[in-house]
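Q: Sequence:
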Amino acid sequence: MSLPVTLPVVCGGTTGQLIVATGKIRRNEQEYTPTEFERLGGKAAAKKWKQSIRLLEYEEDGQISLNTPGLGDWLVQHGLEIRANLLNVVTGPAALASPSPAPMAFPPVPPHHQLSEHPVSHTLQHLQLLQRQQQPFLQQQPPAPGYSPQLSPRTHSTEDAGQSAAAVGSGEPQAYSARPSASRPQEEALSIMQAYLEGKPLPSTPLA
1 MSLPVTLPVV CGGTTGQLIV ATGKIRRNEQ EYTPTEFERL GGKAAAKKWK
51 QSIRLLEYEE DGQISLNTPG LGDWLVQHGL EIRANLLNVV TGPAALASPS
101 PAPMAFPPVP PHHQLSEHPV SHTLQHLQLL QRQQQPFLQQ QPPAPGYSPQ
151 LSPRTHSTED AGQSAAAVGS GEPQAYSARP SASRPQEEAL SIMQAYLEGK
201 PLPSTPLA
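First residue of the sequence shown? That's 1 in UniProt numbering, and the numbers climb one at a time after it.
Derived by calculation from the structure, the hints in this document are not laboratory data. Where is the CB? At the ideal position from N, CA and C, for every residue including glycine. Heads up, some of the hints might be wrong.
[What the hints assert, rightly or not] Derived DEER-like restraints, expressed as beta-carbon distance ranges:
1) G199 with K47: 14 to 22 Å
2) T22 with G62: 28 to 36 Å
3) D73 with G13: 19 to 27 Å
4) T35 with G199: 56 to 64 Å
5) E29 with Q77: 28 to 36 Å
6) P8 with A46: 17 to 25 Å
7) K48 with G199: 21 to 29 Å
8) D61 with R27: 18 to 26 Å
9) L3 with Q51: 27 to 35 Å
10) V76 with G199: 54 to 62 Å
11) P69 with I19: 15 to 23 Å
12) Q30 with E60: 30 to 38 Å
13) K50 with R27: 15 to 23 Å
14) D61 with T22: 17 to 25 Å
Let's have the full structure, built from the sequences with the hints guiding it.
A: Structure representation (structure tokens):
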């Protein structure tokens with residue numbers, strides 16, 4: 001169906017010609033947007049130019065017909081949509097469809113050969129090392145029922161023993177330990193775990 005170049009329209013008692021190619025309404029050699037033409041016709045309070053602007057037809061007695069469809073209905077029937085803010089007419093099925101949202105952007109995934117250099121992979125390496133160092137403690141046999149460890153003062157040398165004895169004689173509190181002292185790798189692994197749980201930066205090089 002071919003579209004007319006111009007279409008007679010009326011708003012209130014004001015008549016004009018809709019220019020289909022631009023979506024503007026011409027009256028007395030002046031062009032108006034539908035909103036401006038609605039104001040010109042005295043219907044500005046309605047703010048519904050698709051209903052207040054109607055197709056212009058005349059009755060047999062020469063009077064303007066009041067039963068003509070609104071301009072908005074005519075546009076829908078012909079697959080058109082006037083965008084008042086852009087002052088043009090959009091044709092085709094795309095005019096009736098809502099604009100699709102922009103695609104969501106995701107950060108690029110590093111290649112497989114670069115995954116070992118990723119900070120997360122470096123953290124997992126430290127956690128795996130910690131797990132391997134803790135396995136000897138996990139594989140120990142559980143204590144027998146009713147067993148309670150004997151607390152003894154920490155005496156690592158004759159000098160420490162003398163200091164402990166002096167502390168006992170002076171009434172000072174002594175330090176007791178219920179577990180053997182950890183080796184250097186185990187202490188480093190525990191410090192890595194504590195730093196990881198507290199959100200502190202981890203060592204940049206793997207443990208020996």
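Q: A separate judgement is required for each hint: does it hold in the structure or not?
A: Hint check results:
| no. | hint | verdict |
| --- | --- | --- |
| 1 | G199 with K47: 14 to 22 Å | 56 Å, violated |
| 2 | T22 with G62: 28 to 36 Å | 30 Å, holds |
| 3 | D73 with G13: 19 to 27 Å | 21 Å, holds |
| 4 | T35 with G199: 56 to 64 Å | 57 Å, holds |
| 5 | E29 with Q77: 28 to 36 Å | 29 Å, holds |
| 6 | P8 with A46: 17 to 25 Å | 20 Å, holds |
| 7 | K48 with G199: 21 to 29 Å | 58 Å, violated |
| 8 | D61 with R27: 18 to 26 Å | 24 Å, holds |
| 9 | L3 with Q51: 27 to 35 Å | 21 Å, violated |
| 10 | V76 with G199: 54 to 62 Å | 59 Å, holds |
| 11 | P69 with I19: 15 to 23 Å | 19 Å, holds |
| 12 | Q30 with E60: 30 to 38 Å | 31 Å, holds |
| 13 | K50 with R27: 15 to 23 Å | 18 Å, holds |
| 14 | D61 with T22: 17 to 25 Å | 34 Å, violated |
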